[in-house]
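Got chain A sorted already, so can you dock chain B onto it with the hints?
One line per chain: the protein sequences are A and B, in this order.
Counted the way the working numbering counts, the first sequence spans residues 1 to 243.
Counted the way the working numbering counts, the second sequence spans residues 1 to 232.
There may be inaccurate statements among the hints.
Claimed, not checked - Listed next, with one range per pair, are the computed distances between beta-carbon atoms: (1) B:R223 x A:Y6: 39 to 47 Å; (2) A:L155 x B:E231: 32 to 40 Å; (3) B:L194 x A:A85: 53 to 61 Å; (4) B:A30 x A:R66: 51 to 59 Å; (5) B:G216 x A:T127: 34 to 42 Å; (6) B:A30 x A:K122: 53 to 61 Å; (7) B:A229 x A:K38: 53 to 61 Å; (8) B:A229 x A:K148: 43 to 51 Å; (9) B:I170 x A:K122: 31 to 39 Å.
Said to hold, decoys possible - Far from chain A, some chain B residues (derived; all Cβ distances over 10 Å): (10) S28; (11) D31; (12) V66; (13) V67; (14) P91; (15) G144; (16) M147; (17) I159; (18) L218; (19) G227.
Note that these hints are calculated values from the structure, not bench results.
In this text the structure is predicted, and so the values were computed from the model without any measurement.
Just so you know, even glycine gets a beta-carbon here, dropped at the ideal spot from N, CA and C.
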Amino acid sequence: MRSNTYTFLFTGVVCIGCSFFVSLSAVGLRSRQEVNMKVDVQRNILRSVELPASADERPTPPQIQRLFSDRMTGIVVDTKGALVAGRTPQDVDPEKEPDLLPVFLRKDDGKIAAYTIPVSGKGLWSTLYGYLALEPDGITVKGLTYYKHGETPGLGGEVEKPWFGANFKGKQILDDKGALRPLAVAKGKVADSVPEGERGHYVDGISGATLTGTGVTAMLAKTLTKYEPFFKEVRAGKVEGLR
Amino acid sequence: MIQMAAAPAPQTPPKPAAQPKPRLRLLSGADKRTFMDPLSDNNPITRQVLGICSALAVTTQVRTAVVMAIAVTVVTGLSSLVISVMRNAIPSKIRIIVQLSVIASLVIVADQVLKAFVFDISRQLSVFVGLIITNCILMGRAEGFAMQNPPWRSFLDGIGNGFGYSLILIIIGAFREVLGSGTLLGFHVVPKALYAAGYANMGLMVLAPGAFILLGLLVWAQRAHTGYAEES
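Looking at chain A on its own, in the form it has when it is part of the complex (with noise of 0.2 Å):
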């Protein structure tokens, strides 16, 4: 039996020991992760307008750099919609300036083909960020995709696949009379769920991850309602110059 003190001593001695080589790896790594982090957004960002356009291409992180930098065009706006000028979306800090909305834009020739714009809140465990995609027409959806998020693989983590995004193409946010009306995710199958004449505006949900899906359905009514007057804009065609 050894003594207390040399129990205590040694404990520290692991302790000291396992720290450091933790923060060694933490420390010494952490510029790499960050660049992967970055590409990461950026990739994420390309995937929910559609670039590359095949989802099984997958692209190298410098070939996703380079597709980002030739593609898309970030830019920021206020919540009344009219254009910031001088700053872009990679100096906004979402915390300090929620006034400030920062969106992408695909080009293709000059013309806009898409607008994306992030979209984040709270799921059943964490918090979710993606991206929300619009044609040109800024009425219906082009995509959505997760890239961040702490939900549980295979029910809420499916968000993030996909098949969940692919729900959302197509669908419109305004409702008949030209009022917004953001989408929502069903519980379940939208055909289950849904009244006949409200399909249009519902998703088919996850089954097992109804709160990550309530989650979901907030954040796309919080973000899209700060961006309507931006979407008015872009509705009545007066960006279509914007440089």
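Just chain B now, kept in the frame of chain A:
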């Protein structure tokens, strides 16, 4: 999740009966057995039924299974080595928590390395890299072997158990990917003509029950082969 190895693990392999000529070899007979045993006869998954949780979770594709297998093998090898080096200095009252600290640190380092070098796969593995900490194989080898054996042999034992785990993971991963998605390592292997003839991917294989069924079949096949039976 944490439970000690229920099945008897060889604590100290018997010394080789006779060594005619002392030759300089990397692996002595006993070392070799320490290393080879966990691959089949004493496989951590099929014989000791440890580490099932991650074996089910990360085997929908071969790629993720391979990366997970490498991570677990490296961590079991190194944790057994480190614990064996310290084994005479560890106060027995706190040995489990010391083992856990070593394992947890190694797993965090492995997770950081994966995030830095194979970000994509690390995203797919999500929480399961972190859960290597609670993988019973690691604690089982640390407490059951490394605490009593010298560093080199403990390292071999760790690596051997890692390989045993890897073997099963990759077999299950291959079956699940081919049957469930029609691909292997991301390449399409099921010919288009077959789909045209009405073949469909087996959705069950992508889900956890598919892995359970495959694992059960593997355990059965392996036990039929080695003749091992649980004592009643």
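Does the beta carbon distance between L155 of chain A and E231 of chain B stay inside 32 to 40 Å, or does it fall outside? holds (39 Å)
At 10 Å, judged by beta carbons, does L218 of chain B keep clear of chain A as stated? holds (22 Å)
If we take the beta carbon of V66 of chain B, is the closest beta carbon in chain A still more than 10 Å away? Answer for V66 of chain B: holds, closest chain A Cβ roughly 17 Å.
Closest CB of chain A to the CB of G144 of chain B still more than 10 Å away: holds (20 Å)
Regarding L194 of chain B and A85 of chain A, is the given constraint of 53 to 61 Å on their beta-carbon distance met? holds (58 Å)
For M147 of chain B, is the shortest CB-to-CB distance to chain A above 10 Å, so the non-interface label stands? Non-interface label stands for M147 of chain B: nearest chain A Cβ at 15 Å, farther than 10 Å.
C-beta pair A30 of chain B, R66 of chain A: status relative to the range 51 to 59 Å that was hinted: Given a distance of about 56 Å, which is inside 51 to 59 Å, the answer is holds.
For G216 of chain B and T127 of chain A, compare the CB-CB distance with the range 34 to 42 Å and indicate the outcome. holds (39 Å)
Quick one: are A229 of chain B and K148 of chain A within 43 to 51 Å, going by C-beta? holds (48 Å)
Between A30 of chain B and K122 of chain A, does the C-beta distance stay in 53 to 61 Å? holds (56 Å)
Take a quick look at G227 of chain B and tell me if its Cβ sits farther than 10 Å from every Cβ on chain A, holds or violated. holds (37 Å)
Assertion that V67 of chain B lies farther than 10 Å from chain A (Cβ): With a cut-off of 10 Å, V67 of chain B remains clear of chain A, as the shortest Cβ separation is near 15 Å.
Of the numbered hints listed earlier, the single one contradicted by the structure is hint 14.
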